[in-house]
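Protein chains: 2
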Amino acid sequence: MHSESASAPSRRDLLALIGTVAGSAAMYEAMTALGLASESGYKGPIKLDGDPKGASVLVLGAGLAGMTAALELRKAGYTVQLLEFNSRPGGRNWTLRGGDSFVELGGIRQTCEFEQGLYLNPGPWRIPYHHRAVLHYCRQLNVALEPFNQLNHNALLHGSRAFGGRPQRIREIKADFQGHVSELLAKVTQQGKLDEAVAKEDKELLLQALKSWGALDRDFAYRANLLSGDVRGFAKEPGGGLDAAPVPGEPIALSEILKSRMWFYLRNFALHEFQTTMFQPVGGMDMIGKAFAREVGDLIRYDAKVTRIQQNDRGVTVSWVDTKTPDATLEAVADWCVCTIPLSILSQLPVDVSAPMKAAIDAVPYMPGVKVGLQFKRRFWEEDEAIYGGISYTDLPIRQIAYPNTGYNQSGRGVLLGAYLTGGPNAFEFTSLPPAERVARAVEFGAQLHPQYRTEYENGIAVAWHRVPFTLGCAGAWTDAPRAQHYSNLCQIDGRIVLAGEHVSWIPAWQEGAILSALDAIGRLHRRVVNT
Amino acid sequence: MHSESASAPSRRDLLALIGTVAGSAAMYEAMTALGLASESGYKGPIKLDGDPKGASVLVLGAGLAGMTAALELRKAGYTVQLLEFNSRPGGRNWTLRGGDSFVELGGIRQTCEFEQGLYLNPGPWRIPYHHRAVLHYCRQLNVALEPFNQLNHNALLHGSRAFGGRPQRIREIKADFQGHVSELLAKVTQQGKLDEAVAKEDKELLLQALKSWGALDRDFAYRANLLSGDVRGFAKEPGGGLDAAPVPGEPIALSEILKSRMWFYLRNFALHEFQTTMFQPVGGMDMIGKAFAREVGDLIRYDAKVTRIQQNDRGVTVSWVDTKTPDATLEAVADWCVCTIPLSILSQLPVDVSAPMKAAIDAVPYMPGVKVGLQFKRRFWEEDEAIYGGISYTDLPIRQIAYPNTGYNQSGRGVLLGAYLTGGPNAFEFTSLPPAERVARAVEFGAQLHPQYRTEYENGIAVAWHRVPFTLGCAGAWTDAPRAQHYSNLCQIDGRIVLAGEHVSWIPAWQEGAILSALDAIGRLHRRVVNT
Numbered sequence: 001m002h003s004e005s006a007s008a009p010s011r012r013d014l015l016a017l018i019g020t021v022a023g024s025a026a027m028y029e030a031m032t033a034l035g036l037a038s039e040s041g042y043k044g045p046i047k048l049d050g051d052p053k054g055a056s057v058l059v060l061g062a063g064l065a066g067m068t069a070a071l072e073l074r075k076a077g078y079t080v081q082l083l084e085f086n087s088r089p090g091g092r093n094w095t096l097r098g099g100d101s102f103v104e105l106g107g108i109r110q111t112c113e114f115e116q117g118l119y120l121n122p123g124p125w126r127i128p129y130h131h132r133a134v135l136h137y138c139r140q141l142n143v144a145l146e147p148f149n150q151l152n153h154n155a156l157l158h159g160s161r162a163f164g165g166r167p168q169r170i171r172e173i174k175a176d177f178q179g180h181v182s183e184l185l186a187k188v189t190q191q192g193k194l195d196e197a198v199a200k201e202d203k204e205l206l207l208q209a210l211k212s213w214g215a216l217d218r219d220f221a222y223r224a225n226l227l228s229g230d231v232r233g234f235a236k237e238p239g240g241g242l243d244a245a246p247v248p249g250e251p252i253a254l255s256e257i258l259k260s261r262m263w264f265y266l267r268n269f270a271l272h273e274f275q276t277t278m279f280q281p282v283g284g285m286d287m288i289g290k291a292f293a294r295e296v297g298d299l300i301r302y303d304a305k306v307t308r309i310q311q312n313d314r315g316v317t318v319s320w321v322d323t324k325t326p327d328a329t330l331e332a333v334a335d336w337c338v339c340t341i342p343l344s345i346l347s348q349l350p351v352d353v354s355a356p357m358k359a360a361i362d363a364v365p366y367m368p369g370v371k372v373g374l375q376f377k378r379r380f381w382e383e384d385e386a387i388y389g390g391i392s393y394t395d396l397p398i399r400q401i402a403y404p405n406t407g408y409n410q411s412g413r414g415v416l417l418g419a420y421l422t423g424g425p426n427a428f429e430f431t432s433l434p435p436a437e438r439v440a441r442a443v444e445f446g447a448q449l450h451p452q453y454r455t456e457y458e459n460g461i462a463v464a465w466h467r468v469p470f471t472l473g474c475a476g477a478w479t480d481a482p483r484a485q486h487y488s489n490l491c492q493i494d495g496r497i498v499l500a501g502e503h504v505s506w507i508p509a510w511q512e513g514a515i516l517s518a519l520d521a522i523g524r525l526h527r528r529v530v531n532t
Numbered sequence: 001m002h003s004e005s006a007s008a009p010s011r012r013d014l015l016a017l018i019g020t021v022a023g024s025a026a027m028y029e030a031m032t033a034l035g036l037a038s039e040s041g042y043k044g045p046i047k048l049d050g051d052p053k054g055a056s057v058l059v060l061g062a063g064l065a066g067m068t069a070a071l072e073l074r075k076a077g078y079t080v081q082l083l084e085f086n087s088r089p090g091g092r093n094w095t096l097r098g099g100d101s102f103v104e105l106g107g108i109r110q111t112c113e114f115e116q117g118l119y120l121n122p123g124p125w126r127i128p129y130h131h132r133a134v135l136h137y138c139r140q141l142n143v144a145l146e147p148f149n150q151l152n153h154n155a156l157l158h159g160s161r162a163f164g165g166r167p168q169r170i171r172e173i174k175a176d177f178q179g180h181v182s183e184l185l186a187k188v189t190q191q192g193k194l195d196e197a198v199a200k201e202d203k204e205l206l207l208q209a210l211k212s213w214g215a216l217d218r219d220f221a222y223r224a225n226l227l228s229g230d231v232r233g234f235a236k237e238p239g240g241g242l243d244a245a246p247v248p249g250e251p252i253a254l255s256e257i258l259k260s261r262m263w264f265y266l267r268n269f270a271l272h273e274f275q276t277t278m279f280q281p282v283g284g285m286d287m288i289g290k291a292f293a294r295e296v297g298d299l300i301r302y303d304a305k306v307t308r309i310q311q312n313d314r315g316v317t318v319s320w321v322d323t324k325t326p327d328a329t330l331e332a333v334a335d336w337c338v339c340t341i342p343l344s345i346l347s348q349l350p351v352d353v354s355a356p357m358k359a360a361i362d363a364v365p366y367m368p369g370v371k372v373g374l375q376f377k378r379r380f381w382e383e384d385e386a387i388y389g390g391i392s393y394t395d396l397p398i399r400q401i402a403y404p405n406t407g408y409n410q411s412g413r414g415v416l417l418g419a420y421l422t423g424g425p426n427a428f429e430f431t432s433l434p435p436a437e438r439v440a441r442a443v444e445f446g447a448q449l450h451p452q453y454r455t456e457y458e459n460g461i462a463v464a465w466h467r468v469p470f471t472l473g474c475a476g477a478w479t480d481a482p483r484a485q486h487y488s489n490l491c492q493i494d495g496r497i498v499l500a501g502e503h504v505s506w507i508p509a510w511q512e513g514a515i516l517s518a519l520d521a522i523g524r525l526h527r528r529v530v531n532t
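Sequences listed follow chains V and P, in order.
Its first residue numbered 1, the first sequence is counted upward by one per residue in the numbering used here.
Its first residue numbered 1, the second sequence is counted upward by one per residue in the numbering used here.
Please note that the accuracy of each hint is not assured.
Just so you know, same-sequence chains aren't split out, so a pair can sit in one copy or run between any two.
With a straight-line Cα cutoff of 25 Å, these simulated SDA-like cross-link-like pairs (lysine to any residue) come out [said to hold, decoys possible]: (1) Lys211 with Gln110; (2) Lys324 with Lys358; (3) Lys187 with Ala199; (4) Lys259 with Val198; (5) Lys193 with Lys203; (6) Lys290 with Gln110; (7) Lys324 with Gln110; (8) Lys377 with Gln116; (9) Lys259 with Thr532; (10) Lys236 with His486; (11) Lys377 with Ala144; (12) Lys193 with Ser260; (13) Lys200 with Ala221; (14) Lys259 with Gly249; (15) Lys211 with Gly423; (16) Lys211 with Ala199; (17) Lys203 with Gly192; (18) Lys259 with Gly192; (19) Lys259 with Ala221; (20) Lys203 with Glu250; (21) Lys290 with Gly77; (22) Lys305 with Arg74; (23) Lys75 with Glu383; (24) Lys203 with Gln190; (25) Lys203 with Arg467; (26) Lys203 with Val247; (27) Lys236 with Leu271; (28) Lys200 with Arg161; (29) Lys47 with Lys324.
These are calculated hints, taken from the structure and not from any lab test.
Make a model of the complete structure from these sequences and hints.
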């Protein structure tokens, strides 16, 4: 079924062959040359060889999935048109800057008051290095990237009932937990309690490794000394000249860390999805959407709200209205349709598809998500606290405070992500509040981590995705059971309609999922076209 | 003795007072407001109040220590002059670009052939977020910063006798070691073997924490599954559309990791010195030196080689020669001298200082260090291998390959740090080779990690610090015994002479040490001047 495996050996097949014939060293070279070790979901620039014979495609939605499809289909010789609900390209690929305004469900309009150059990405905000498709298009379309900092060792972990409400530095919790774990395991290794699990010849190596990895002293203890200071930081940092020797701080006891539950956050810094090197586009995430629109903008009809999707043996007819003159219903026709409308909205439209696909469209709930951007008079997190980018985590309803990963060490105003809520009743509760109240709460809660909020706050803006008219939610919330039952049906070419978007992927909520699903959909669609 | 404690309560004293009077919550707020948790060696912008009464200072060396001293002393009202051996400011704060050339000991001249925009920092190349003095001057002098990536999860670990010589991805060694350690500790916890060390009420929490932190499954095992894939990456990454489910890879056995000794490198990613968020100046490290020179360049006499330093009750006389016309010896005189000449060179000059200071000057050996920059036709590490910045480590003589932390995802040529050797016979052996041979070896060894070297290499340049005439070594290599015996003597104001530089600090080899030592030295010097 896969797009490339039918016509040519896959890279995996090729590697297996090379491994068999030439041994592992040659295979490694081949893997390197082929751009592996692990196999990406992205197979390299798509090749749509063969004549589309004048076929036309109507693409619904000018987000990254829709614009990818439009870009590649036109290049392959199709006649393409694109309908987009918003007055701008990108969809959830979206950046809010001073002067931008938008209306959420319920009719409240917010206007962003950020100073020029500052912004909030309400939707996607980071690009993992292994999202090869996004990176390919960024390169092809000249979108400049800069690092996104997920783990800042000097950012904060905060538990409202831990350590008397005092935030802790990530580096201390991280180093101390690892140190204590290493000490415990070293002790039982020395006591012979691991004899069943660890071979005798490995025991000494394990002790050496734990000592190095856990910053243990010669007694295999994790203690206040220069060794632990070298990983957790010092109470007094080393300096220059006289009186400059470093002074180590006292590690936090294991029991305190366990009870604080702050170990829970350490996982956020280990996940493959968030590993270095991550990226963000310089100037805002919508630089990607804008770059796509430079290529396919001439194909896009903006302010077009789809109201119905019909198909028969000969083609597809989509009814739509211009949202600025909504009384007249218009029609667009094409031989084929690539539909990237979020399932949260598509499930509410009359759509001519098979029962299994309709069931799939109806089966996927959408994650709630709320982001609040806050502008401050100065970058106090850098100036006062040496926090440059990255994320602080808290159990307060705001969940996260993320610091800008750009403009480091400069004077002037700055914008924080003052709240980022996904999933759960907490996100729904925030969504239910009027925007001004969301912002006010973000300021109030955030001041528990950064008292400077009280004097430095200037203005804010809050996007609650369940009230955003063009998605009614943040992203497709797949779980195992609906995935097993419906995912494959959702991916099929149903007559003359095929779906694409992050919801038609195994990487929901990520732009990579949107692009890969579009490439997979148009690859299969194209073969159907050229083979009939 | 400390610069601020005599006149005003230190921040530490203030905090202790607040803690005593107002309790820990108030203390946290105060700490935040004061820019702590940990106390930096940098005390904020230096205040040299009081009249220097027309005193003059001769500063030797226009590296960061010397230029910091010159900048602040002139601002405080001193008459300052600065003698510098090189024809440029910065000293070890140095960047090589296409067209630059330099002559090393032995007379060999190398000319850099890098394409415009590419560079090598032969000396310092990274700035930790807690190096507050460097960051202060970067901000004050408008030096733009961008992140330096120390840990790139997708970079390589390579052992010539491990895994058949095949490099491993850092993320796999890192995640697998942590997973196995967690599994082992979870097992003994469940078996009751930790009952002495861990309180009963903490046991369940410890198990939960290990499960989360170590990516263990419901049986507390670390295995090939989606959980381990989420931290180590997948054999096949999740994709979009059909046939897009992720496929986990098999974790590397603990015994294999232990025997590979690759755990040794994990420490490089945990050290406080290398923790996120690190920085590099945009465009090259010498942007800092050039920024200082914009302020104090008018005070600098370049090409000035100091040959003798004399002092008496009334002042200091320094003999020097112009390196372009070395036959005539010239003299510079001043009331005071701040000498930042590296000890490796100063110890060879006749200097009028006390016996204890002379002994200190002679006591500190200098670390060997070699860096090799290599230009390639294309950024194959990004294009083929998804390695964006960061460092690969190997047990080969080159030790490290570091990828550029700028210009990510762009087409065209790139420069790698193809070798970075510090300390040990290996560095001396490389130093003893002619530069072209150092470069050739870096290419030959590097090809074991990146076979693309063989076709993509274009040109290279090699700096071996023991053959660099202005330092004769990389940095002061303090160890405990000489530190205990000599460090305090080295810091003293000896008559009218005081030393500064990274060698007069607890942070040797770091620019922060150079600047902090200069601030400490001129602070004490100034008090002596205003109090006499």
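For each hint, the structure was consulted:
1. With identical chains, the CA atoms of Lys211 and Gln110 are never at most 25 Å apart, being 55 Å at best within one copy and 43 Å at best between copies.
2. When the C-alpha separation of Lys324 and Lys358 is checked against a cutoff of 25 Å, the pair qualifies neither within a copy, at 30 Å, nor between copies, at 84 Å.
3. Both within a single protomer and between protomers do Lys187 and Ala199 lie at most 25 Å apart by alpha-carbon distance, with minima of 16 Å and 16 Å respectively.
4. Taking CA atoms no more than 25 Å apart as the test, Lys259 paired with Val198 passes between copies only; the shortest distance there is 13 Å, against 30 Å inside one copy.
5. Taking identical chains as interchangeable, the C-alpha atoms of Lys193 and Lys203 lie at most 25 Å apart whether they share a chain (11 Å) or sit on different chains (17 Å).
6. In the homo-oligomer, the alpha carbons of Lys290 and Gln110 lie at most 25 Å apart inside one protomer (22 Å), although the nearest pairing across protomers, at 45 Å, exceeds that limit.
7. In this assembly of identical chains, Lys324 and Gln110 lie within 25 Å of each other by CA distance solely inside one copy; the values are 19 Å within and 68 Å between copies.
8. In the homo-oligomer, the alpha carbons of Lys377 and Gln116 lie at most 25 Å apart inside one protomer (13 Å), although the nearest pairing across protomers, at 38 Å, exceeds that limit.
9. In this assembly of identical chains, Lys259 and Thr532 lie within 25 Å of each other by CA distance neither inside one copy nor across copies; the values are 64 Å within and 58 Å between.
10. Taking the closest pair of Cα atoms, Lys236 and His486 come within 25 Å of each other only across two copies (22 Å); inside a single copy the shortest separation is 58 Å, beyond that limit.
11. In this homomeric assembly, Lys377 and Ala144 come within 25 Å of each other (Cα to Cα) only across copies, at 20 Å, whereas the closest approach inside a single copy is 28 Å.
12. In this homomeric assembly, Lys193 and Ser260 come within 25 Å of each other (Cα to Cα) only across copies, at 24 Å, whereas the closest approach inside a single copy is 29 Å.
13. In this homomeric assembly, Lys200 and Ala221 come within 25 Å of each other (Cα to Cα) both inside a single copy, at 22 Å, and across copies, at 21 Å.
14. For the homomeric pair Lys259 and Gly249, the shortest alpha-carbon distance inside one copy (20 Å) is at most 25 Å, but the shortest distance between copies (34 Å) is not.
15. Proximity of Lys211 to Gly423 under the C-alpha cut-off of 25 Å is restricted to the inter-copy arrangement: shortest distance 22 Å between copies versus 40 Å within a copy.
16. For the identical chains of this complex, Lys211 and Ala199 are neighbours both inside a copy (18 Å) and across copies (23 Å), given an alpha-carbon limit of 25 Å.
17. Taking the shortest alpha-carbon separations for Lys203 and Gly192, both the intra-copy value of 9 Å and the inter-copy value of 20 Å come in at or below 25 Å.
18. Taking the shortest alpha-carbon separations for Lys259 and Gly192, only the inter-copy value of 20 Å comes in at or below 25 Å, while the best intra-copy value is 29 Å.
19. When the C-alpha separation of Lys259 and Ala221 is checked against a cutoff of 25 Å, the pair qualifies both within a copy, at 21 Å, and between copies, at 23 Å.
20. When the C-alpha separation of Lys203 and Glu250 is checked against a cutoff of 25 Å, the pair qualifies only between copies, where the shortest distance is 23 Å, while the shortest distance within a copy is 29 Å.
21. Taking the closest pair of Cα atoms, Lys290 and Gly77 come within 25 Å of each other only inside a single copy of the chain (23 Å); across copies the shortest separation is 54 Å, beyond that limit.
22. When the C-alpha separation of Lys305 and Arg74 is checked against a cutoff of 25 Å, the pair qualifies only within one copy, where the shortest distance is 23 Å, while the shortest distance between copies is 68 Å.
23. In this assembly of identical chains, Lys75 and Glu383 lie within 25 Å of each other by CA distance solely across copies; the values are 23 Å between and 50 Å within a copy.
24. For the identical chains of this complex, Lys203 and Gln190 are neighbours both inside a copy (8 Å) and across copies (21 Å), given an alpha-carbon limit of 25 Å.
25. With identical chains, the CA atoms of Lys203 and Arg467 are never at most 25 Å apart, being 57 Å at best within one copy and 43 Å at best between copies.
26. Within a single copy, Lys203 and Val247 get their C-alpha atoms no closer than 33 Å, and across copies no closer than 32 Å, so neither meets the 25 Å cut-off.
27. When the C-alpha separation of Lys236 and Leu271 is checked against a cutoff of 25 Å, the pair qualifies only between copies, where the shortest distance is 16 Å, while the shortest distance within a copy is 32 Å.
28. Taking the shortest Cα distances, Lys200 and Arg161 sit within 25 Å of each other only across copies (21 Å), while inside one copy they are farther apart (44 Å).
29. Proximity of Lys47 and Lys324 under a CA criterion of 25 Å is satisfied in neither setting, with 39 Å inside one chain copy and 63 Å between copies.
Of the numbered hints given earlier, the model fails hints 1, 2, 9, 25, 26 and 29; all others are met.
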